[in-house]
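Assemble the whole structure, with the sequences as input and the hints as a guide.
Using UniProt numbering, you'd call the opening residue of the sequence shown number 1 and step up by one each time.
If you're looking for bench data, these hints aren't it; they were derived computationally from the structure.
Note that the coordinates shown come from a computational prediction; the quantities given were computed from them, not determined experimentally.
Mixed in with the good hints, there may be bad ones.
[Claimed, not checked] Taking lysine to aspartate or glutamate and the EDC-like style, the derived pairs with C-alpha atoms no more than 20 Å apart in a straight line are:
1. K598 with D458
2. K242 with E174
3. K211 with D127
4. K475 with D394
5. K621 with E133
6. K242 with E264
7. K576 with D506
8. K600 with E583
9. K598 with D455
10. K621 with D394
11. K475 with E588
12. K475 with E507
13. K621 with D96
14. K463 with D595
15. K30 with E16
16. K576 with D516
[Unchecked claim] Restraint-style ranges between C-beta atoms, simulated for each label pair:
17. R515 with T302: 24 to 30 Å
18. R524 with D565: 46 to 52 Å
19. K367 with K600: 22 to 28 Å
20. E540 with P366: 47 to 53 Å
21. R149 with P169: 26 to 32 Å
22. S213 with T54: 30 to 36 Å
23. E499 with A141: 44 to 50 Å
24. S199 with N69: 51 to 57 Å
25. R243 with L209: 23 to 29 Å
26. P58 with E513: 41 to 47 Å
C-beta atoms are modelled at their ideal positions from N, C-alpha and C, and glycine is treated no differently.
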Amino acid sequence: MTETCAGAIYSLECPEADVKNGRSAASRGKCMREIEMRVTVPTSGNSTPGETITIAMPGQPGDLEARSNVVFKGYYRDAHATADAFTADGWFRTGDQATIDSEDNLHLIGRVKNVTNINGVKFATSDIQMSVEQAINMRVARVIRFPSRAVHTEQVTVAYTPKAWPMEPGEMDEIEELAGQACILITGSRPLIFSLLESSLSTLPISTLGKISRAKMTSLFQAGVFNENVLLHHQCIDDFRKRKHGSVAVAAQAATPAESLLIEDFVDVLDVSPDIVCLDTRIFDLGCTSMDMMRFKRRIDTRLGVIVPIIMLMRSPTPRDLAADLGLNAQIQSSHNGSESQTVQPATITPTIDCAPVVTFWSSSPKTPLWLMHPGVGEVLVFVGLVQHLHNDDRPVYALRARGFEASQECFTSIDETVTTHVNAIRQQQPNGPYTIAGYSYGTMLAFEVAKRLDAADGGSVKFLGSFNLPPHIKTRMRQMNWNMCLLHLSWFLDLISEEHTNGIDEHSFRAETRDIALNIMLRAARQSRLDELGLRESELIQWTNVAFGLQSMAVDYEPSRQVDAIDIFHAIPLKVVAVSQEEWVSEHLSRWSDFSKTKPRFHHVGGAHYTMIGPDHVSKFSQTLMAALRS
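See the structure below:
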């Protein structure tokens, strides 16, 4: 930086150490002797004298600051900028976001101010840029991503220069879809995309170093400089899709009426173009989130007049498969009037589900699969968003779901039964190692037990074991979780009630209530709009709580034993009831994994809290951290 000096922070182990540790980006290394660096956890506004400054833990992201005689003392004739550039205790704010690992190596994340605010949620520009570039870089000459204004919010805007002019409409359409899906995975919103005309290249704000200013691109865009580019691009795309839709419509004539209705469900729930949904389109490949899956289930339930198990939607993720598994092709009766809706005879539809716990999210790859163990609520919907972000890793992903959600199933009764079932299911899908396994919260315990069982049979066949924020000793917490408390935390997990409402409940008195009273309390407190959105009936909430309570009850006397070869621990802000701070959570609870690992556990700080660490706001960073750990 101009404000420091050349070589202030450097690495003599690039790229050897980076390759060895499976990093997606090179470490910047360590400080020279004359300079200090630190990463602090951001606070609101600038620090003031006497304010407590929180130093980030190893691997925890924050603001990079430096201090030394070789760091500048101020900006020439700009006292205001100088004051903003330094903390109250004299450290220079570099404006970078970074982490410092346990070996004091610096890892840059991006610029503090480089964020895009979409519907009140801030997304790192670097994350969006990386995702879009990975999606279309091989197809275009240059990608330019910048924010622009949409109604009530910012939007991601992607301009690109083609490798040659003119572009083929089909190629433009493919780039549009790839860039759109990449952006949806990060932000949950569709970007505005357009190709640049050859005549517009001279208007690009390119510096002498060949860089393009995003701020200037935003200004030019808002001023209408690229209006012709946007208009011609969208006209070309629209014309192509109209022609394409005609051919798709011809192909769609092969679909049964039931399959056609399911295609409509896909399009309406996910708000995607009908041009990209066909009989064999997987719902997971359309940017589907866990909440989309719940909305899709509610729509199907309402239309068919039956309760379709969520597991069936996950195991039959295409219109063709779902229609076949639900037996709809024989049940749909086409109306003689084409304008009237087609109807179903609901009494004849009886979905049946086998007890196999495996949900296949992604299987078309020769890489070692990743197996994900369900959390304490038993369901694997929580992994849907994570799986979308792991798609770039091109690794098969399977999840193991608890038993007991369907009326015909009995809940697991012991850890041994659960582990045996899961091990058999894994071996049926993947007979031989190496295995990579991770568990979310309670699922960590199951993953640990499954890993030991697989290792005992195959001799060290588990090459990766991940803990998503769970310590080895859990029985004390499990004994606190009676049926009422499982209901409370499930309601919080499903966002039926807020964290503030959860923390405001007197656990002692709530735990002592009868189940009926506890259920009534939760239903009165739950947001009706959220219940409607999820299509969650009272009977389903009760059954879900039964599954969760059964899982917790199995572990009230659980004692971990023996060791695995290694474990990676992904830690987030803990529940307040288990630790008062993240520092205590790591040092006094998660660190105990060292007793059960033959090698030193590897710790990875991730964003968010226990119930949000792989939620929409944090899953992008989490997936990057997880993929780096898997590679190493």
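*asked:* So, against the hints stated earlier in the document, which numbers end up violated here?
replied: 4, 16, 20, 25
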